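Enquirer: Protein chains in written order, with the working numbering: chain A, 1 to 410; chain E, 1 to 134.
To be clear, the hints were calculated from the coordinates, so they are not data collected in a lab. Only a predicted model underlies this, so the values are computations on that prediction, with no experimental measurement involved. Beta carbons: idealized from backbone N, C-alpha and C, even for Gly. Treat the hints with caution; some may be incorrect.
[As the list claims (entries may be wrong)] In silico DSS-like cross-links for lysine-lysine, where the CA-CA straight-line distance does not exceed 27 Å:
| id | chain 1 | residue 1 | chain 2 | residue 2 |
| --- | --- | --- | --- | --- |
| 1 | A | K214 | E | K101 |
| 2 | E | K58 | A | K370 |
| 3 | E | K58 | E | K91 |
| 4 | A | K212 | E | K91 |
| 5 | A | K270 | A | K370 |
| 6 | E | K58 | A | K216 |
| 7 | A | K270 | A | K250 |
| 8 | E | K58 | A | K212 |
[As the list claims (entries may be wrong)] Derived DEER-like restraints, expressed as beta-carbon distance ranges:
| id | chain 1 | residue 1 | chain 2 | residue 2 | range |
| --- | --- | --- | --- | --- | --- |
| 9 | E | E97 | A | E179 | 49 to 59 Å |
| 10 | A | V153 | E | D110 | 23 to 33 Å |
| 11 | A | I364 | E | V62 | 19 to 29 Å |
| 12 | A | A219 | E | E33 | 22 to 32 Å |
| 13 | E | D132 | A | R379 | 27 to 37 Å |
| 14 | A | N382 | E | V61 | 36 to 46 Å |
| 15 | E | Q63 | A | L4 | 53 to 63 Å |
| 16 | E | V17 | A | V380 | 50 to 60 Å |
| 17 | E | T73 | A | L169 | 54 to 64 Å |
| 18 | A | F310 | E | P127 | 13 to 23 Å |
| 19 | E | I126 | A | I400 | 55 to 65 Å |
| 20 | E | S83 | A | G332 | 29 to 39 Å |
| 21 | A | E179 | E | W113 | 54 to 64 Å |
| 22 | E | M18 | A | V380 | 27 to 37 Å |
[Unchecked claim] From chain E, some residues computed to sit far from chain A (all C-beta separations above 12 Å):
| id | residue |
| --- | --- |
| 23 | P36 |
| 24 | D82 |
| 25 | G103 |
| 26 | W117 |
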Amino acid sequence: MKGLFAVALGVLTAIGGFVDIGDLVTSSVVGSRFGLTLAWVVVVGTIGICLFAQMSGRVAAVSGRATFEIIRERLGARLAVANLSASFLINLLTLTAEIGGIALAMQLASSIEPALWFPVAAFAVWIVVWRVKFSIMENVTGLLGLALVVFAVAIFFLHPDWSALGSQLLQQPSPHTDETPASYWYYAVALFGAAMTPYEVFFFSSGAIEEKWKAKDLAQSRVNVLVGFPLGAVLSLSIAACAAIVLLPKGIAVTSLFETALPIAQAFGKIGLIVAILGFVAATFGASLEVTLSSGYTLAQFFGWPWGKFRRPASASRFHAAMILSLVVGLGILLTGVDPVQVTEISVVFSAIALPLTYLPILIIANDPKYMGDRVNGRVTNAVGLIFLAIILVASIAAIPLMIVTGAGA
Amino acid sequence: MNDRTNLPMPPAVAGRVMDAGLELLDRQVLDPEGVPVTTVDELELTTPDDLAHLDPEKPPVVQALLTGPILMTRIFGGRLPDSRFVRIPWKVVADVETVVKVGVAADSLDASWTERWVRDHVIARIPGGRHDPE
Chain A
1 MKGLFAVALG
11 VLTAIGGFVD
21 IGDLVTSSVV
31 GSRFGLTLAW
41 VVVVGTIGIC
51 LFAQMSGRVA
61 AVSGRATFEI
71 IRERLGARLA
81 VANLSASFLI
91 NLLTLTAEIG
101 GIALAMQLAS
111 SIEPALWFPV
121 AAFAVWIVVW
131 RVKFSIMENV
141 TGLLGLALVV
151 FAVAIFFLHP
161 DWSALGSQLL
171 QQPSPHTDET
181 PASYWYYAVA
191 LFGAAMTPYE
201 VFFFSSGAIE
211 EKWKAKDLAQ
221 SRVNVLVGFP
231 LGAVLSLSIA
241 ACAAIVLLPK
251 GIAVTSLFET
261 ALPIAQAFGK
271 IGLIVAILGF
281 VAATFGASLE
291 VTLSSGYTLA
301 QFFGWPWGKF
311 RRPASASRFH
321 AAMILSLVVG
331 LGILLTGVDP
341 VQVTEISVVF
351 SAIALPLTYL
361 PILIIANDPK
371 YMGDRVNGRV
381 TNAVGLIFLA
391 IILVASIAAI
401 PLMIVTGAGA
Chain E
1 MNDRTNLPMP
11 PAVAGRVMDA
21 GLELLDRQVL
31 DPEGVPVTTV
41 DELELTTPDD
51 LAHLDPEKPP
61 VVQALLTGPI
71 LMTRIFGGRL
81 PDSRFVRIPW
91 KVVADVETVV
101 KVGVAADSLD
111 ASWTERWVRD
121 HVIARIPGGR
131 HDPE
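Given these sequences and hints, build the entire structure.
Expert: So this is what it looks like as C-alpha cells:
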C-alpha cells in the first residue's frame, strides 16, 4: 500500500494527461473510428511526457525551482507572458471541461441534470484545494482513478478477435476508407498534445516541491514518472480498444461519456458500469484538482507570489484567490450551456503556443550546472529531448491547419 | 558595437561581476525564511550626469529592484509615473544565486502589499483560511 501511495503524484498527474474528460471521450471516439491504428501516437506521447516530466521533477528536486519560474527566467518576460497566457487559457478551458465532466459522470450515476451538478462539483473541488493536504488529495484521487482499470480488464472479457486487433496496431494510417487522412492526423496531433499537455509538468514539478523532494528523492521521482504515465497510457489505450472492439463494428458514433461506458456495460453489466462511473468521477475530479492547482501554480510562479498547499491559504493569498477566480469563471462558462467536451478541443489551439515554450526552457535548465550541479542531463537524454522538441514543433505548427481542414475532426 | 576592445574596462570593485540582465531580471526574490516576495520585473539604475558620454570611471549602478505595474510597461512599452514604481532597495539584497535573496521579511517590503491586501480583505475572512490544510 505504501508503495502505491509513493507513486500517487505520478498517477494523479497522468490522469490529467490521459484520462481526463476530454481524453475519456476522445480515446473512445478514436477507437470507434480508427480502431487501434493511432495507438502508436499514445506510445510516442508517453515517452515524451515521461522524459520531460522526469526532467522537470529533477530540476524541482535539485534546484527547488518549479517549472514556470524557470520558464520566466530563461525566456524573459515577453515570451513567458505569451506562454502564461496560452497555458492559463488551456488550464481554464480544461478546468471548465473537467467540472462539466464531473457533472456528466454524476449524471450517469444519478440521472440528475448536469447543470445542477456544476455548482456542487466546483464547490467540492474548491473545498479540497482549500482544506485538504496535498498528500491526502493525491492518494485518494489517484487510488480511486484506478477504477478505470476496469476498461483494461474488459478487453479480455469482450473476447475480441486478437489478430484483427493486433493488425490494427500495425496498419498505418486508417484502414477505413471513409476516414480522410486529414482527420487521422488531426486526431494524431490531438492525442499527442493531450499526452504532453503542459499542465502536467507544471503540476508534477510543483507537486515535487509540495512534497519537499530533494536530490535524494530523485529515484522516487523516476518511479513516479515511470509508473504514473505508462499507467495513464494503458488506461487510455484500453478505452480506445474497448471502443474498437464493441463500437467500431456496429458503427456506433461516440458523442458523449455514455458511449464511452457502453463496452463496460456489455462486458460486466451493472456492476462494471458502477466501477467505470466511479473511475470517471475520480478521474475528472482528479483532473479538476490538477488544472485548478496548475492555474494557481503558473500565475504564482510567473509573478513570484508565495504558493503551495504546504502553506496556509492566508500565507499564499493571491495563489488561492487566483484559483477561486478560475473556478468561478469556469463555472460561468459552463452555465452558458457549452458542451464541456468541445471546450477541450479549443485548447488544442493554445497548446500550439504553450508546448514548445514550456519544454524548451526545461531542457535548457536541466543542462545548467548552476541549477543542477552534477545532475545535468546526459547526452542520450538531451538527444531524445531534442528529437521530441522537433516533434512538438511539427505538431504545434500542424495543429491549427488540421483543425480548420477537418472541422475539428468531424 | 560588437568590437569588444572598445568597451570600457570593468570598474575595480570587490565582489563578483554578473550580467544583470541575465542574472537579476526575471529572477525569483526570496526572504530569509524562503517566502517568495516577487519576481524582479525591472531594474532601476542610477542616472549618469551626462547620458551622451558615459564616464567609464563612474558606470551606472543598480539602485533598486522594481516590481508591480512596471512589468506591463516593460512588456508592452510606455512609461510609468514614478509614483507607481514599487522598489526593493538594493541595500536589502543579501545574496544573488539562482534566486535573489533579501535580508528582510517579505511582509516588511512594499513589494508584497498586494499579497497582504488580498490576505486581509479576502482569504483570511473565508472560514479555514488561517488554518493548515488537513
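Enquirer: Per the hint of 50 to 60 Å, is the separation of the Cβ atoms of V17 (chain E) and V380 (chain A) within bounds?
Expert: For V380 (chain A) against V17 (chain E), whose Cβ atoms are near 35 Å apart, the range 50 to 60 Å is violated.
Enquirer: Say whether it holds or is violated: P36 (chain E) keeps its Cβ farther than 12 Å from all Cβ of chain A.
Expert: 5 Å, violated
Enquirer: Confirm or reject the claim that M18 (chain E) and V380 (chain A) have a C-beta distance inside 27 to 37 Å.
Expert: Holds - the Cβ-Cβ distance for M18 (chain E) and V380 (chain A), about 33 Å, lies within 27 to 37 Å.
Enquirer: At 12 Å, judged by beta carbons, does W117 (chain E) keep clear of chain A as stated?
Expert: 8 Å, violated
Enquirer: Is it true that the C-beta distance of Q63 (chain E) to L4 (chain A) lies inside 53 to 63 Å, as the hint says?
Expert: 54 Å, holds
Enquirer: Against the 27 Å threshold, does the CA-CA distance of K58 (chain E) and K212 (chain A) hold or violate the hint?
Expert: 45 Å, violated
Enquirer: Is it true that S83 (chain E) and G332 (chain A) lie within 29 to 39 Å of each other by Cβ?
Expert: At 35 Å between Cβs, range holds.
Enquirer: When you look at the beta carbon of D82 (chain E), is every beta carbon of chain A farther off than 12 Å?
Expert: Its Cβ never comes within 12 Å of chain A, the nearest being 21 Å, so this holds.
Enquirer: Lying within 23 to 33 Å: is that true of the beta-carbon distance V153 (chain A) to D110 (chain E)?
Expert: 59 Å, violated
Enquirer: Falls inside 55 to 65 Å, the C-beta gap from I126 (chain E) to I400 (chain A)?
Expert: 41 Å, violated
Enquirer: Under the criterion that the straight-line Cα-Cα distance not exceed 27 Å, is the pair K214 (chain A), K101 (chain E) satisfied?
Expert: Given that 27 Å is the threshold and the Cα spacing comes to 20 Å, the pair holds.
Enquirer: Does K250 (chain A) sit within 27 Å of K270 (chain A), going by the straight-line distance between their CA atoms?
Expert: Holds, at about 21 Å.
Hint check: violations occur at hints 2, 4, 5, 6, 8, 10, 13, 16, 19, 23 and 26; the rest are consistent with the structure.
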